[in-house]
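Student: The lines below spell out each chain.
2 protein chains.
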Amino acid sequence: MIDRLIEKIEKTHAPIVVGLDPMLNYIPAHIQKKAFAEYGETLEGAAEAIWQFNKEIVDHTFDLVPAVKPQIAMYEQFGIPGLLAFKKTVDYCHEKGLVVIGDIKRGDIGSTSAAYAAGHIGVVTVGSKTYAPLGEDFVTVNPYLGTDGVKPFVDVCREEKKGLFILVKTSNPSSGEFQDKLIDGRPLYELVGEKVAEWGAGCMGKRYSYIGAVVGATYPEMGKALRKIMPKSFILVPGYGAQGGKGADLVHFFNDDGLGAIVNSSRGIIAAYKQEQYAKYGEENFAEASRAAVEAMAKDIDSALAQR
Amino acid sequence: MIDRLIEKIEKTHAPIVVGLDPMLNYIPAHIQKKAFAEYGETLEGAAEAIWQFNKEIVDHTFDLVPAVKPQIAMYEQFGIPGLLAFKKTVDYCHEKGLVVIGDIKRGDIGSTSAAYAAGHIGVVTVGSKTYAPLGEDFVTVNPYLGTDGVKPFVDVCREEKKGLFILVKTSNPSSGEFQDKLIDGRPLYELVGEKVAEWGAGCMGKRYSYIGAVVGATYPEMGKALRKIMPKSFILVPGYGAQGGKGADLVHFFNDDGLGAIVNSSRGIIAAYKQEQYAKYGEENFAEASRAAVEAMAKDIDSALAQR
Chain A
8 MIDRLIEKIE KTHAPIVVGL DPMLNYIPAH IQKKAFAEYG ETLEGAAEAI
58 WQFNKEIVDH TFDLVPAVKP QIAMYEQFGI PGLLAFKKTV DYCHEKGLVV
108 IGDIKRGDIG STSAAYAAGH IGVVTVGSKT YAPLGEDFVT VNPYLGTDGV
158 KPFVDVCREE KKGLFILVKT SNPSSGEFQD KLIDGRPLYE LVGEKVAEWG
208 AGCMGKRYSY IGAVVGATYP EMGKALRKIM PKSFILVPGY GAQGGKGADL
258 VHFFNDDGLG AIVNSSRGII AAYKQEQYAK YGEENFAEAS RAAVEAMAKD
308 IDSALAQR
Chain B
8 MIDRLIEKIE KTHAPIVVGL DPMLNYIPAH IQKKAFAEYG ETLEGAAEAI
58 WQFNKEIVDH TFDLVPAVKP QIAMYEQFGI PGLLAFKKTV DYCHEKGLVV
108 IGDIKRGDIG STSAAYAAGH IGVVTVGSKT YAPLGEDFVT VNPYLGTDGV
158 KPFVDVCREE KKGLFILVKT SNPSSGEFQD KLIDGRPLYE LVGEKVAEWG
208 AGCMGKRYSY IGAVVGATYP EMGKALRKIM PKSFILVPGY GAQGGKGADL
258 VHFFNDDGLG AIVNSSRGII AAYKQEQYAK YGEENFAEAS RAAVEAMAKD
308 IDSALAQR
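If you read the protein sequences in the order shown, they are chains A and B.
Counting in our numbering, the first sequence runs from 8 upward without gaps.
Counting in our numbering, the second sequence runs from 8 upward without gaps.
Rather than coming from a laboratory, the hints here were simulated on the basis of the structure.
Predicted, not measured: the structure shown is a model, and the values here were computed from it.
Careful, some of the hints might be misleading.
As the list claims (entries may be wrong) - With a Cα cut of at most 27 Å, we get these calculated DSSO-like pairs of lysine-lysine:
{"hint": "1", "chain 1": "A", "residue 1": "K41", "chain 2": "B", "residue 2": "K136"}
{"hint": "2", "chain 1": "B", "residue 1": "K15", "chain 2": "B", "residue 2": "K235"}
{"hint": "3", "chain 1": "A", "residue 1": "K188", "chain 2": "B", "residue 2": "K188"}
{"hint": "4", "chain 1": "A", "residue 1": "K95", "chain 2": "B", "residue 2": "K136"}
{"hint": "5", "chain 1": "A", "residue 1": "K188", "chain 2": "B", "residue 2": "K231"}
{"hint": "6", "chain 1": "B", "residue 1": "K188", "chain 2": "A", "residue 2": "K158"}
{"hint": "7", "chain 1": "B", "residue 1": "K41", "chain 2": "A", "residue 2": "K136"}
{"hint": "8", "chain 1": "B", "residue 1": "K213", "chain 2": "B", "residue 2": "K239"}
{"hint": "9", "chain 1": "B", "residue 1": "K136", "chain 2": "A", "residue 2": "K40"}
{"hint": "10", "chain 1": "B", "residue 1": "K136", "chain 2": "A", "residue 2": "K62"}
{"hint": "11", "chain 1": "B", "residue 1": "K15", "chain 2": "B", "residue 2": "K62"}
{"hint": "12", "chain 1": "A", "residue 1": "K235", "chain 2": "A", "residue 2": "K168"}
{"hint": "13", "chain 1": "B", "residue 1": "K103", "chain 2": "B", "residue 2": "K41"}
{"hint": "14", "chain 1": "B", "residue 1": "K235", "chain 2": "B", "residue 2": "K158"}
{"hint": "15", "chain 1": "A", "residue 1": "K95", "chain 2": "B", "residue 2": "K95"}
{"hint": "16", "chain 1": "B", "residue 1": "K188", "chain 2": "A", "residue 2": "K239"}
{"hint": "17", "chain 1": "A", "residue 1": "K136", "chain 2": "B", "residue 2": "K94"}
{"hint": "18", "chain 1": "A", "residue 1": "K253", "chain 2": "A", "residue 2": "K306"}
{"hint": "19", "chain 1": "B", "residue 1": "K40", "chain 2": "B", "residue 2": "K62"}
{"hint": "20", "chain 1": "B", "residue 1": "K94", "chain 2": "A", "residue 2": "K95"}
{"hint": "21", "chain 1": "B", "residue 1": "K188", "chain 2": "A", "residue 2": "K235"}
{"hint": "22", "chain 1": "B", "residue 1": "K239", "chain 2": "A", "residue 2": "K188"}
{"hint": "23", "chain 1": "B", "residue 1": "K136", "chain 2": "B", "residue 2": "K94"}
{"hint": "24", "chain 1": "B", "residue 1": "K281", "chain 2": "A", "residue 2": "K136"}
{"hint": "25", "chain 1": "A", "residue 1": "K94", "chain 2": "B", "residue 2": "K95"}
{"hint": "26", "chain 1": "A", "residue 1": "K94", "chain 2": "B", "residue 2": "K136"}
{"hint": "27", "chain 1": "A", "residue 1": "K281", "chain 2": "B", "residue 2": "K136"}
{"hint": "28", "chain 1": "B", "residue 1": "K235", "chain 2": "A", "residue 2": "K188"}
{"hint": "29", "chain 1": "A", "residue 1": "K94", "chain 2": "B", "residue 2": "K94"}
{"hint": "30", "chain 1": "B", "residue 1": "K281", "chain 2": "B", "residue 2": "K95"}
{"hint": "31", "chain 1": "B", "residue 1": "K41", "chain 2": "B", "residue 2": "K62"}
{"hint": "32", "chain 1": "B", "residue 1": "K168", "chain 2": "B", "residue 2": "K158"}
{"hint": "33", "chain 1": "A", "residue 1": "K231", "chain 2": "B", "residue 2": "K188"}
{"hint": "34", "chain 1": "B", "residue 1": "K188", "chain 2": "B", "residue 2": "K239"}
{"hint": "35", "chain 1": "A", "residue 1": "K15", "chain 2": "A", "residue 2": "K95"}
{"hint": "36", "chain 1": "B", "residue 1": "K306", "chain 2": "B", "residue 2": "K239"}
{"hint": "37", "chain 1": "A", "residue 1": "K136", "chain 2": "B", "residue 2": "K62"}
{"hint": "38", "chain 1": "B", "residue 1": "K15", "chain 2": "B", "residue 2": "K95"}
{"hint": "39", "chain 1": "A", "residue 1": "K40", "chain 2": "A", "residue 2": "K95"}
{"hint": "40", "chain 1": "A", "residue 1": "K136", "chain 2": "B", "residue 2": "K95"}
Use the sequences and the hints to build the structure in full.
Tutor: What follows is the structure in structure tokens.
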């Protein structure tokens, strides 16, 4: 799957992930109104609004980007109907040829991690049949439980040719509270980064490993250090745009081959119509504003990479 | 909710949680057969088998214990049908008067954690209506992202009178890989324990905080240290039985008031019929074996506490 992701990045010239994190207050009134008219102000109504919103954004951006990253919490908060909208979104993005990164941040003890891995990127067996229940291509994983919590995900990646992005240094303000603590003079996130490199060594695609890392755009200096610690791991970089990261901050997340990183933007793309610079599109044409925001982001990253 | 949990512990004299982690290979053949006859060898068939299995175990144990802990991964692995069985299990346990601890180990950046908290222990708003989508009483939370990832869960607990168990020291063999690393001479799990005490200080029930911790039974010495660091936090202790923990290992997780800990057993209870000592019940009467295993576990903990 990492080979396919790279192929698509090279084809689109855009190392960009559209974060499909649809908070209800991002969704234009006309879509909510239509969904509520059909399903009532119910969890099903919220799920329908999310799905229609996602579909329009995907329809307007799928040819520009290699991948999408639905954040499962935004669906899970609406219970089972919300999770049905998640699954529908994953399937639709696959129809459109997109690589799907499930932002699930799961992680547990061995047998439990194995169940998460089977459900999201692997297969489960029921009697004599097998199924791929949720069917993402990559998932994000929390490493706090250590190797035996991560290994079941790695094993499934090897079997199914899927991939992971393991949390190393997250983009949020208090990520340093534990992740930056010094252990024998070195921050915890570097130790986690070393483990990512180690876990990934046994799962190599043509140029990069199936096992990548999450490192926030909001910490460019740490990205620089981590890039060297995990030379063969792709870095998924959240925090661009709304969280404060800029193209110039991102150059150190990439290797000299111009690869090695893929940058996520959620709010900055899916709620672009709410920003002053895209207000001209109007709420009705929100997905066109999203398309323009993707184009601007691709240009920003491209020119930052050209100038380094 | 912590007050209700304590009330139920005092009533049952059993600080025990039944871990509803139904792997398909724990489920007796006759239940699987019946479910597959009705729904086929499908995800729906697997979900039905899980639900019928859970129901029978709950029916045979609900009067002996204060709480259950469904591990959501075991349901999520069967996709949407599996998650429907999770929800059905949560609702049924509530009907039976049990406290439900959702073992979800979620944790993300602020706005995303807020979505998880709303969906699992809080409410979401859709237009003019509000819903409690999944409706657990407590959830487990992963602290790797720091305070701003945990705080939205704490906020919901305060509003909704729900509770948390935050991962401090997990029961698995490689938990030490990151959790035991020394920071200024002290292990990371102690720092996390201090934060749990700090987060919990603002959310006090009558005697204990709404904000508890997870500390594995497999690490009794660490339990002893953490008990002192978080005197007002309940400790959820996994790892009893199948993972190797025994009653005698557990005494230090409790305070002198005989409270402060609640011990989970999953496989040891729900798959008790597979153990030699309960084989006499036979596969058909698996839930009676589970009841006997709960009784034996309550006795083991009780006599360990009496002897300290």
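Student: Taking the hints in turn, state whether each one holds.
Tutor: Hint-by-hint comparison with the structure:
Among the hinted pairs, K41 of chain A with K136 of chain B is consistent with the structure: their alpha-carbon atoms are about 16 Å apart, no more than 27 Å. For the given pair, K15 of chain B sits about 24 Å from K235 of chain B by alpha-carbon distance, which is consistent with the 27 Å threshold. For the hint pairing K188 of chain A with K188 of chain B, the CA-to-CA distance comes to about 10 Å; that is within 27 Å, so the pair holds. At roughly 24 Å between alpha-carbon atoms, K95 of chain A and K136 of chain B fall within 27 Å of each other, so this suggested pair holds.
In summary, the hint linking K188 of chain A to K231 of chain B is supported, as the alpha carbons are separated by about 24 Å, within the 27 Å threshold. Between K188 of chain B and K158 of chain A the alpha-carbon distance is near 20 Å, which keeps this suggested pair within the 27 Å criterion. For a cut-off of 27 Å, the pair hint linking K41 of chain B to K136 of chain A stands: about 16 Å separates their Cα positions. The straight-line distance between the Cα atoms of K213 of chain B and K239 of chain B is roughly 10 Å, inside the 27 Å bound, and the hint therefore holds.
A C-alpha spacing of about 14 Å is found between K136 of chain B and K40 of chain A, which places the hinted pair at or below 27 Å, so the restraint holds. Between K136 of chain B and K62 of chain A the CA atoms are separated by roughly 25 Å; this keeps the pair inside 27 Å, and the hint holds. Only pairs whose Cα atoms come within 27 Å are accepted, and K15 of chain B paired with K62 of chain B is accepted, the gap being roughly 20 Å. Only pairs whose Cα atoms come within 27 Å are accepted, and K235 of chain A paired with K168 of chain A is accepted, the gap being roughly 25 Å.
A C-alpha spacing of about 25 Å is found between K103 of chain B and K41 of chain B, which places the hinted pair at or below 27 Å, so the restraint holds. Distance check on the hinted pair: K235 of chain B and K158 of chain B sit about 23 Å apart at the alpha-carbon level, within 27 Å; holds. For a cut-off of 27 Å, the pair hint linking K95 of chain A to K95 of chain B stands: about 22 Å separates their Cα positions. A distance of roughly 26 Å separates the Cα atoms of K188 of chain B and K239 of chain A; the hinted pair therefore holds under the 27 Å criterion.
For the hint linking K136 of chain A to K94 of chain B, the alpha-carbon distance of about 25 Å falls within 27 Å, and the restraint holds. Pair hint K253 of chain A plus K306 of chain A holds up; C-alpha atoms about 12 Å apart against a cutoff of 27 Å. A C-alpha spacing of about 16 Å is found between K40 of chain B and K62 of chain B, which places the hinted pair at or below 27 Å, so the restraint holds. Taking the CA atoms of K94 of chain B and K95 of chain A, the gap is near 20 Å; set against the 27 Å cutoff, the hint holds.
Restraint check for K188 of chain B and K235 of chain A: satisfied, since their Cα atoms lie roughly 23 Å apart, inside the 27 Å limit. Of the supplied pair hints, the one linking K239 of chain B and K188 of chain A holds, its CA atoms being roughly 26 Å apart against a limit of 27 Å. A hinted pair counts as satisfied when its Cα atoms are at most 27 Å apart, and K136 of chain B with K94 of chain B qualifies at roughly 20 Å. In summary, the hint linking K281 of chain B to K136 of chain A is supported, as the alpha carbons are separated by about 25 Å, within the 27 Å threshold.
Restraint check for K94 of chain A and K95 of chain B: satisfied, since their Cα atoms lie roughly 20 Å apart, inside the 27 Å limit. Using a Cα cut-off of 27 Å, the hinted pair K94 of chain A and K136 of chain B holds, with the two alpha carbons roughly 25 Å apart. This hinted pair checks out: K281 of chain A and K136 of chain B have alpha carbons roughly 25 Å apart, not beyond 27 Å. The straight-line distance between the Cα atoms of K235 of chain B and K188 of chain A is roughly 22 Å, inside the 27 Å bound, and the hint therefore holds.
Taken as a hint, the K94 of chain A and K94 of chain B pair is honoured in the structure, with Cα atoms around 17 Å apart against an allowance of 27 Å. Simply put, K281 of chain B and K95 of chain B have alpha-carbon atoms about 26 Å apart, close enough for the 27 Å limit, and the pair holds. Of the pairs offered as hints, the one joining K41 of chain B and K62 of chain B holds, with about 15 Å between alpha carbons and a cut-off of 27 Å not exceeded. This hinted pair checks out: K168 of chain B and K158 of chain B have alpha carbons roughly 15 Å apart, not beyond 27 Å.
Annotation: proposed proximity of K231 of chain A to K188 of chain B holds, straight-line Cα distance about 24 Å (limit 27 Å). Between K188 of chain B and K239 of chain B, the direct Cα distance comes to roughly 25 Å. Compliance with the 27 Å bound is thereby established for this hinted pair. In summary, the hint linking K15 of chain A to K95 of chain A is supported, as the alpha carbons are separated by about 22 Å, within the 27 Å threshold. Using a Cα cut-off of 27 Å, the hinted pair K306 of chain B and K239 of chain B holds, with the two alpha carbons roughly 25 Å apart.
Of the supplied pair hints, the one linking K136 of chain A and K62 of chain B holds, its CA atoms being roughly 25 Å apart against a limit of 27 Å. Restraint check: the Cα-Cα separation between K15 of chain B and K95 of chain B comes to about 22 Å, which is no more than 27 Å; the hinted pair holds. Of the pairs offered as hints, the one joining K40 of chain A and K95 of chain A holds, with about 20 Å between alpha carbons and a cut-off of 27 Å not exceeded. At most 27 Å may separate the alpha-carbon atoms for a hinted pair to count; K136 of chain A and K95 of chain B meet this at roughly 24 Å.
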